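Undergrad: In order, the protein sequences belong to chains Z and X. Quick note on my numbering: the first sequence kicks off at 30 and runs consecutively. Quick note on my numbering: the second sequence kicks off at 146 and runs consecutively.
Keep in mind that the hints were calculated from the coordinates and are not lab data. Take these hints with a grain of salt, some might be off.
Distance windows between CB atoms, simulated [what the hints assert, rightly or not]:
#1 Leu154/Z / His186/X: 20 to 30 Å
#2 Leu154/Z / His190/X: 31 to 41 Å
#3 Arg329/X / Pro126/Z: 53 to 63 Å
#4 Pro134/Z / Thr392/X: 43 to 53 Å
#5 His190/X / Lys31/Z: 28 to 38 Å
#6 Pro239/X / Pro126/Z: 43 to 53 Å
#7 Met30/Z / Ile173/X: 14 to 24 Å
#8 Leu33/Z / Leu317/X: 21 to 31 Å
#9 Ala70/Z / Leu183/X: 49 to 59 Å
Everything numeric in this text was worked out from a predicted model, so none of it was measured. Using N, Cα and C, we set each Cβ at its ideal position, and we do this for glycine too.
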Amino acid sequence: MKWLAYSIGAAAIAYGFYGIASQADKTHPFSWLLWLAGSVAVHDALLAPLVLLAGAVTGLLKESFRTPLRAGLAVAAVTTLATLPTVLAFGRRKDNPSILPLDYPRGLLIVLAVIAATTLIVSVLSRRRARSG
Amino acid sequence: MALDLSSRFTSKLHSERVAAQLGVWLGISFTIAFVTGLFSHFMQHPPGWLLWPSRPVNLYRFTQGLHVIGGVATIPLLLAKLWTVYPKLWQWPPFRSMGHAAERGLVALLVAGSLFQVVTGVTNIAYWYVWPFAFTNAHYWTAYILIGALLIHVVNEWAKVKRHALPTRVKLPSEPPADARSRRRFLATVATASGIAALVTVGETYKPLSRLALLAPRSPDKGPQGLPVNRSAAAAGIEVHADYRLTVTGAVGRQLSFTYDDLLNLPQHTVRLPIACVEGWSYDAEWTGVRLKDLMRTAGADRDATLSVESLQKYGAYSVSEVRPPHWHDPLTLLAVKVNGETLHPDHGYPVRLIAPNRPGVMQTKWVTKVTVS
C-alpha cells in the first residue's frame with residue numbers, strides 16, 4: 030500500500046517535470062525553476078526571519094497584550110500578503126477599466142482597521158479576564 | 146550540539162500536533178484545488194471522447210470560484226504550517242541518512258511547489274505578469290509535481306496524522322491546559338485569516354457579498370454595461386465592417402449567411418446565464434439572441450456534430466471555441482445580440498457572442514462571425 034502510494038506520487042512528480050520540459054517554449058524551464066526555488070528562498074530567508082523578529086519584539090510585552098497583538102499582526106500581515114498583487118494593482122490596463130476597478134489602498138486600510146479594532150477589543154477583554162480570574 | 150538551531154525555537158506551537166492538524170486542512174485544500182484545477186483544464190482542453198454536460202448551469206462557476214477563492218484562503222494555512230515546522234529547516238545534522246536526505250528533498254519540492262502555486266495564482270488573478278513563462282502551462286504542470294510530493298509526504302507523515310488529527314486518534318498523554326488553549330487560539334487565528342482572505346474576495350463571484358469584496362481583482366457590477374470583461378474589443382483588434390456576416394458552414398445541408406439585421410429578425414430567446422471566468426470571478430446576466438440549436442436545425446447539421454465558433458478577433462489565444470453536442474443541443478445556448486436588454490457593448494462581443502451554460506468564460510466566444518460544423 031505504502032509503495033503503491035509512493036509510486037503514484039513519484040509518477041505524478043515525473044509527469045509534472047516531463048510536462049514542464051516538453052512545453053519548454055511556454056514554461057521557460059529555467060525561469061520556472063528560478064521562481065520555484067526563489068519562492069522558497071524568499072520565504073525561508075526573508076519572510077520567516079521577519080516573523081521571528083516580530084515574535085521576539087512582541088515577546089517583550091505582557092502576556093495579556095502579547096497574544097492578541099501577535100494574532101492581530103499575523104492576520105493583518107497574511108491578509109495583506111494574500112491580496113498584495115491586487116492591492117498593488119500593477120495589472121491595470123487602459124483599454125479595460127473593469128480589471129482591478131476598486132480603490133485597493135482604501136480597501137486594505139478598512140480591512141486592517143477592522144483587524145486592529147478587533148485586536149484591541151480582544152486584548153482589553155483578555156486583560157479584564159486576567160485581572161478578574 | 147551548538148549547531149542545532151532547531152532546539153532554540155521555544156514556542157510550543159512548533160509542535161507535531163499543530164503541524165498535523167494544519168496538515169490535514171492543507172491536504173484537503175490542495176486536493177480541492179487540484180481537482181477543480183483539472184476540471185477547468187479538461188473543460189478547456191477535452192480529449193475527443195469527453196463530452197462535458199451543459200448542466201448544472203453554474204457548475205463551472207462554482208468549481209472555479211472554489212479553486213480561486215479557496216486558493217486565496219489557503220495562503221494563511223500554508224504560511225502557518227511553514228511557520229510551525231520552520232525549526233525543522235535547521236535540524237542538525239541536516240541529513241541523517243540517504244532516506245532522510247530523500248525525504249527532505251521531497252519536502253523541499255513540496256514547499257516550493259506550494260509557494261509557487263499560490264504566488265503565481267494570486268498574481269495571475271491580479272493580471273500582473275511578472276514572469277516569462279505562460280501562467281496556465283506552468284501552473285498546470287507544477288500542480289502534478291505538488292500533488293505527487295504531497296501524496297508521498299502524507300504517506301510518510303500518516304502516523305503523526307493518526308496520532309493527532311483524526312477522530313480515531315490514539316490516546317495521548319494529556320496536553321497541559323495552557324498548551325491546549327494556546328494551540329486552539331493559534332488554529333483559530335489561522336482560520337480567521339483564511340476566513341478574512343475569502344470574505345474580502347468571494348464577492349467577485351458571489352454577488353450578495355460583493356460589497357465586502359474590498360480586495361477582489363474584479364467587481365461583478367464594474368465594467369461596460371455594468372459587467373466586467375477580460376478582453377476588450379480594442380485589445381482584440383476588433384473592426385466590424387458594414388459587410389459583416391455571420392456564416393454557418395462546413396458539414397451542413399445548406400450554408401447560411403446572415404447580416405446583423407437578419408439575426409435580429411430571427412426568433413429571439415432570453416436566458417439568464419453566468420459568465421464564469423477562469424480567474425474565479427463571475428456574474429449573471431440576461432442574454433437575448435438566437436438559439437444555436439435552431440440555427441443548426443435550419444442548416445441541417447448532424448445531431449452529433451461538433452461546432453467551431455470563430456471570432457473576428459485578431460489577437461489573443463481564444464479566438465475560436467469548440468461547442469460539442471451537449472452544449473449546442475441545450476436550449477439555453479445562444480448566439481446573443483443583447484445583454485440585459487441592451488445591444489452588446491463592443492467589449493461584450495458586438496455584434497454577436499456565444500453564451501452557453503456550464504462553460505469557462507474564455508470559451509464564450511465574442512465577436513462571432515463563423516460557425517463551422519464538423
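Undergrad: Work down the list of hints and note, for each, if the structure agrees.
TA: Hint check:
1. Between leucine 154/Z and histidine 186/X the C-beta distance comes to about 48 Å, which lies outside the given range of 20 to 30 Å.
2. Roughly 54 Å separates the CB atoms of leucine 154/Z and histidine 190/X, a value that falls outside the hinted 31 to 41 Å.
3. Between arginine 329/X and proline 126/Z the C-beta distance comes to about 45 Å, which lies outside the given range of 53 to 63 Å.
4. Separation of proline 134/Z from threonine 392/X is about 49 Å and conforms to the stated range, judged on CB atoms against 43 to 53 Å.
5. Roughly 34 Å separates the CB atoms of histidine 190/X and lysine 31/Z, a value that falls within the hinted 28 to 38 Å.
6. Look at proline 239/X against proline 126/Z: about 52 Å separates their beta carbons, and that is inside 43 to 53 Å.
7. Take methionine 30/Z and isoleucine 173/X: their Cβ atoms lie about 21 Å apart, and the range 14 to 24 Å holds.
8. A beta carbon spacing of about 29 Å between leucine 33/Z and leucine 317/X agrees with the range 21 to 31 Å that was offered as a hint.
9. Distance hint for alanine 70/Z and leucine 183/X: a CB-CB separation of about 29 Å, inconsistent with the stated range 49 to 59 Å.
The earlier numbered hints that this structure contradicts are 1, 2, 3, 9.
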